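With the hints as extra help, turn the sequences into a complete structure.
If you're matching them up, the sequences are chains P and V in order. Take 1 as the starting number for the first sequence in UniProt numbering and just add one per residue. Take 1 as the starting number for the second sequence in UniProt numbering and just add one per residue.
Simulated from the structure, these hints should not be mistaken for laboratory data. Every value quoted in this text rests on a predicted model; they were computed, and no experiment measured them. Some hints here could point you the wrong way.
One copy or two, either will do: identical chains are not told apart, so a pair holds if it fits within one copy or between any two.
Said to hold, decoys possible - Cut-off 25 Å, straight-line C-alpha distance, at most; resulting in silico cross-link-like pairs (DMTMM-like, lysine to aspartate or glutamate):
#1 K80 with D37
#2 K80 with E57
#3 K80 with E104
#4 K80 with D6
#5 K80 with D31
#6 K80 with E19
#7 K80 with E70
What follows is the residue order along each chain.
Protein chains: 2
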Amino acid sequence: MTSRVDLEAVEQANTAFYEAMEGGDFETLSDLWLTGDEGDGVTCVHPGWPVLTGRGEVLRSYALIMANTEYIQFFLTDVKISVNGDTALVTCTENILSGAPSEEAGELGPLVGQLVVASNLFRRTPDGWRLWSHHASPVLAERDEDEDED
Amino acid sequence: MTSRVDLEAVEQANTAFYEAMEGGDFETLSDLWLTGDEGDGVTCVHPGWPVLTGRGEVLRSYALIMANTEYIQFFLTDVKISVNGDTALVTCTENILSGAPSEEAGELGPLVGQLVVASNLFRRTPDGWRLWSHHASPVLAERDEDEDED
Chain P
1 MTSRVDLEAV EQANTAFYEA MEGGDFETLS DLWLTGDEGD GVTCVHPGWP
51 VLTGRGEVLR SYALIMANTE YIQFFLTDVK ISVNGDTALV TCTENILSGA
101 PSEEAGELGP LVGQLVVASN LFRRTPDGWR LWSHHASPVL AERDEDEDED
Chain V
1 MTSRVDLEAV EQANTAFYEA MEGGDFETLS DLWLTGDEGD GVTCVHPGWP
51 VLTGRGEVLR SYALIMANTE YIQFFLTDVK ISVNGDTALV TCTENILSGA
101 PSEEAGELGP LVGQLVVASN LFRRTPDGWR LWSHHASPVL AERDEDEDED
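So this is what it looks like as structure tokens:
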């Protein structure tokens, strides 16, 4: 039922979101979130954080995270997309490799691996798919069973 | 822009979801999730868990959780609702008090408090608002600032 065009556009928006984080590109990241009245309703949960609500609060958190991140790379797996009309839900596993700035100028701190899962909610706008909500959380439990992911 | 009727109906669906958990009412809980083709796209993340996808996998997880939970109570705070057409996003803080079955028959194990935040995504159906996605995660970090939540 979902058009291939929609699926591809949503996946591109999702990829652009992580690439903006990797590149420390605050401008692009800001453009990916809903604006105006719709921006008041955006929500974001970073791993281990409480809920942030509204474009202002959400973007401030990203500015803070970017300022404290020297290096970050996301290897996305299990990307699943569900589109319904003008709303799309993407879930994925974020295999994160990141490093904070070192205490010595110009050096990179130790790299840390993190396993996080995310639910990213997008809404269709005249300018493309934009983020309504991002909820990311640490995976703490091991899965008991080997599941058939198809 | 959002009608009061919609807001109330979404809040009721959200409350019904937590009441079903508190009551160990698997039937009601099952009814609250999308069914049919739409049920294939439902997703669920329990605190610390990976993503579960599809009605079957999601409901099995609840059966498992209910079987291992003797007592659970949710005190919801910070409930915020954003409705857009036939989709609604609810975020809330789940102040959870729960107890597993004790090893001694008929007794309740020690009660545990947990601070969790959730993003609950609902879709409007002819039968009312139904869950498309539930993402819950532990709050691990303290918030630095006292924020004005209004």
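Exercise for review: First find the shortest C-alpha distance between K80 and D37 inside one copy, then the shortest across copies, and answer within, between, both or neither for a cut-off of 25 Å.
Suggested key: So K80 and D37 pass the 25 Å test across copies only (15 Å; inside, 28 Å).
Review point. Within a copy, between copies, both or neither: where do K80 and E19 come within 25 Å Cα-Cα?
Key: within (18 Å within a copy, 29 Å between copies)
Review point. When no copy is named, should K80 and E104 be tagged within, between, both, or neither for a Cα gap of at most 25 Å?
Key: Result: close neither inside a copy nor across copies, 41 Å intra and 43 Å inter.
Review point. How do K80 and E70 come out at 25 Å by Cα distance, when the copy is not named: within, between, both, or neither?
Key: neither (29 Å within a copy, 34 Å between copies)
Review point. Should K80 paired with D6 be assigned to within, between, both, or neither, using CA atoms and 25 Å as the limit?
Key: Close inside one copy (13 Å), not across copies (29 Å); limit 25 Å.
Check your understanding: What label fits K80 with E57 when the C-alpha limit is 25 Å: within, between, both, or neither?
Key -> between (28 Å within a copy, 15 Å between copies)
**Study point:** Same-copy or cross-copy closeness of K80 to D31 [CA-CA at most 25 Å]
**Key:** This pair counts as both: shortest intra-copy Cα distance 23 Å, inter-copy 24 Å.
Against the hints set out earlier in the document, violations occur for numbers 3 and 7.
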